[in-house]
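Chains Z and P, in that order, are what the protein sequence lines are. Each residue of the first sequence is one higher than the one before, starting from 1 at the first, in my numbering. Each residue of the second sequence is one higher than the one before, starting from 1 at the first, in my numbering.
Treat the hints as calculated values from the structure; they're not laboratory data. Just so it is clear, the structure is predicted and the values come from calculations on it, not from any experiment.
List of simulated lysine to aspartate or glutamate pairs, EDC-like, C-alpha gap at most 20 Å:
#1 P/Lys45 / Z/Glu115
#2 Z/Lys23 / P/Glu70
#3 Z/Lys20 / P/Glu79
#4 P/Lys73 / Z/Glu121
#5 Z/Lys23 / P/Glu72
Listed next, the stretches of chain Z that the computed footprint assigns to chain P, with coverage defined by at least 3 CB atoms under 8 Å from CB atoms of chain P:
#6 22-31
#7 113-119
#8 122-132
Where a beta carbon is used, it is the ideal one built from N, C-alpha and C, also for glycine.
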Amino acid sequence: MTYLHNIGAYFLMIFEMFRKPTKWSVMKKLILKDIDDLIIGSLGIVAFISFFVGGVITIQTALNINNPLIPKYLVGFATKQSIVLEFAPTFTSIIMAGKVGSFITSSIGTMRVTEQIDALEVMGINSLNYLVLPKTIALSLYPFAIAIGMFLGILGGMAACVFGGYTSLEDYVLGIQTDFQPFHIIYSFIKTFVFAFILATVPSFHGYYMKGGALEVGKASTTAFVWTSVVIILLNYILTDMMLGS
Amino acid sequence: MIEVKNLHKSFSGVEVLKGISTSFEKGKTNLIIGQSGSGKTVFLKCLLGLFDYEEGSISYDGKIFSQLTEDEKRNLRAEIGMVFQGSALFDSMTIAENVMFPLQMFTNQNKSEMEDRVSFVLKRVNLDDAHNKMPSEASGGMQKRVAIARAIVNNPKYLFCDEPNSGLDPKTAIVIDNLIQEITDEYQITTVINSHDMNSVMEIGEKIVFLKNGLKAWEGSNQTIFKTDNEAVTDFVYSSNLFKKVRKMYLEENK
Chain Z
1 MTYLHNIGAY FLMIFEMFRK PTKWSVMKKL ILKDIDDLII GSLGIVAFIS
51 FFVGGVITIQ TALNINNPLI PKYLVGFATK QSIVLEFAPT FTSIIMAGKV
101 GSFITSSIGT MRVTEQIDAL EVMGINSLNY LVLPKTIALS LYPFAIAIGM
151 FLGILGGMAA CVFGGYTSLE DYVLGIQTDF QPFHIIYSFI KTFVFAFILA
201 TVPSFHGYYM KGGALEVGKA STTAFVWTSV VIILLNYILT DMMLGS
Chain P
1 MIEVKNLHKS FSGVEVLKGI STSFEKGKTN LIIGQSGSGK TVFLKCLLGL
51 FDYEEGSISY DGKIFSQLTE DEKRNLRAEI GMVFQGSALF DSMTIAENVM
101 FPLQMFTNQN KSEMEDRVSF VLKRVNLDDA HNKMPSEASG GMQKRVAIAR
151 AIVNNPKYLF CDEPNSGLDP KTAIVIDNLI QEITDEYQIT TVINSHDMNS
201 VMEIGEKIVF LKNGLKAWEG SNQTIFKTDN EAVTDFVYSS NLFKKVRKMY
251 LEENK
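Pulled out of the complex, with its shape left as it was, chain P reads as follows (with noise of 0.2 Å):
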């Protein structure tokens, strides 16, 4: 579980999150949602410790980050797998290579063993044949599915991501989505997924943090969202006719 009391951050005296608190459930597909410029992306990179905070505590299964050292900082990233906006995949190796990396750094495993824990993963994620291929020899789909297999390979605890569907076809964002959820339920992860497609906050979205200019407007499911009544996130998650439409035929099946 992730516990996050009061975050404040600012950039050149601009407040950027003005006093966040939230819990990431684990075994839960969170996700953080908002419009662009809300501080979504500064939220997760806080949460990662990519950026440093003015006030407030973040702890991951009660250990405040700020106050563990540097070694234990370490050994807790470990335990952490980020699935990227543009992948991040590494260039110069291929994709087994890539979803090895982490084992390589973290563990003590001969490279029989690495190259079995690879195999599995990649199986998991539906590519047992690409191996060998570059990344940039593979499609978006393909480098989000890898990029979820090396953050999953090393077993971590907490998985994060950003618009893991950015720039995906409809079709291929929700095998994503359910591959996410999977994995989330099956190995027990505290998944934490920053997003704007609302497809996602529909179908995984079992903790829903909206925020709007730096502060939390609202928290729920994709079960309450419908219901609820708090304009700034209605005008965000319904602002297409179609998600409109849904709502209203939810709630009138629901009445």
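Okay, chain Z solo, but in the shape it has when bound (with noise of 0.2 Å):
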């Protein structure tokens, strides 16, 4: 039942984050303070990340091709396929979801604790309106996040390749153009830009509804973290089977 609860509990904060909207001059602010906070500050980690982990799909796929029959292209093929398919889009989301996510929770929890939820409340603000709105529009920017990972990804691959001796810079080149679908490309984005909304969506709902003090705030970034990935995780299967199954 607190299951059902929750997703009813859900939903209507959806629709109430909708109703009587900020005024346009503050909500600006909000929203690019946002963009600083959640995309820009991310942008490290996502870098950071996609350029190492394509250089390690990279490794593993070269040193677990033995059989002189595959092409060596296949490295770049593969590594290209596994970062915009699944690696960029669906993991880079589950690392935002303990980066950004926990973030959100935390800062929305804390205050609730400490009663400037109900100092919004009070003068008249509709406080999910003014608070999580302008993080769903923020993150509506996430896939450009997504994107500058895909690209450094196979970059990481490509300098893994090069400089660990793996292919040659040609075969991995050529792997990379071969069979390349710009569906693939649409198909990562739009999963991106759902979980971007489960990004900003779900954490704010753990922060905005939780009660207590601040052993609570941690505990609610703990959960955000734990049903943020969850949903992702569920809609990446949901997203994949509408989209490229058969």
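Each chain sits in its own coordinate frame; assemble them with the hints.
Printed below as a string of structure tokens:
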């Protein structure tokens, strides 16, 4: 029953988020601040992880292809497919659920504990619109971060290939270009867009409706990370089956 | 003027407010007092519209809150200033930005007009040199004064304070009390203060409502509280020896 109640409360929160809009002059500043906090502030970790995971995927693939009948360009092909289809949109989102999600839950949760949300409500401000909508809009730029992650992942694979001597640069580039399907990029960005919405709203829900003190803020952050990850993994399966399944 | 009639509020079947009726007058400092768990905070949150209630009515200058449309409620809330127990300052904003916030949200003033108003209000609460400080850099007393400045910046008709003296030393507490009373007189605000600080009760309690177990057990002022023989009030207010002596001296002087 608690799960059903929470699902219902989550959708009511989404509905409420769009009511009684905050003045645009204020909202604009909040969106820019959240873009800085959530997107710009995450580029470093996205770039770092993407580059090195791209390298690792390349090395693993190269080391597992021993059969001389398998062409060497397959290393580049496998790296590209892994990064574009799964690593960049899904696994980066799981990492972001830890970084961005816990930041959102703890910041909103702390506002709840210290009565800052009550202060907004007493002033007649729709606190959900004021707190959650700017984050949701800011995270709609998340696909740009993922695009950078894709590029750096493939670049990291190339660096590992060339400097590790696993395949030649020509083979790797040929692999990247082989069987390129533009729909895979579209599929990946649709997933990323959906995950961005989840990344903004699920942690906000856990922060906004938390009860208790500082200890509960920590617990809410952990719960938010778990549920954000679960929802992302489930939606990943559903979206993949819908868009790529037969 | 705020009028409350037969207010009932329950949580999970437990009745916390059991039919409170009272009124809070304009231009006066009205205090709600009572022991912890007596229903003071719930009562205040019902007055603010943060809690729904099962029965009764609350009217602000004749407008019954529960009968207002969402837009009317929003307009009414813009006329309310609130000082929270923990100040509830927005910690991502400077002190000046905190005070400017209601102006940004509810007025169409330009930036220089808002800055002038913020400077005036911060000066009024003796914080004219704290504009660019963050709330975390301010002391408890300063935070309370910023909260008062934020509450009055938009010229509210109603000011609510939830234990404005909690966690403050006695000297700072008196400064805060005097400030609230001066502002109430100056701007003719209907001020409602939730407190269990006996100094506040004696100093600024122009009207006092005493709650016990969710009921209004007594109503009076800082003048009549000395003379009352209501046992619930005397037990609570004169629980310390100091106040017992003060009361005895007062009664002897005023025989």
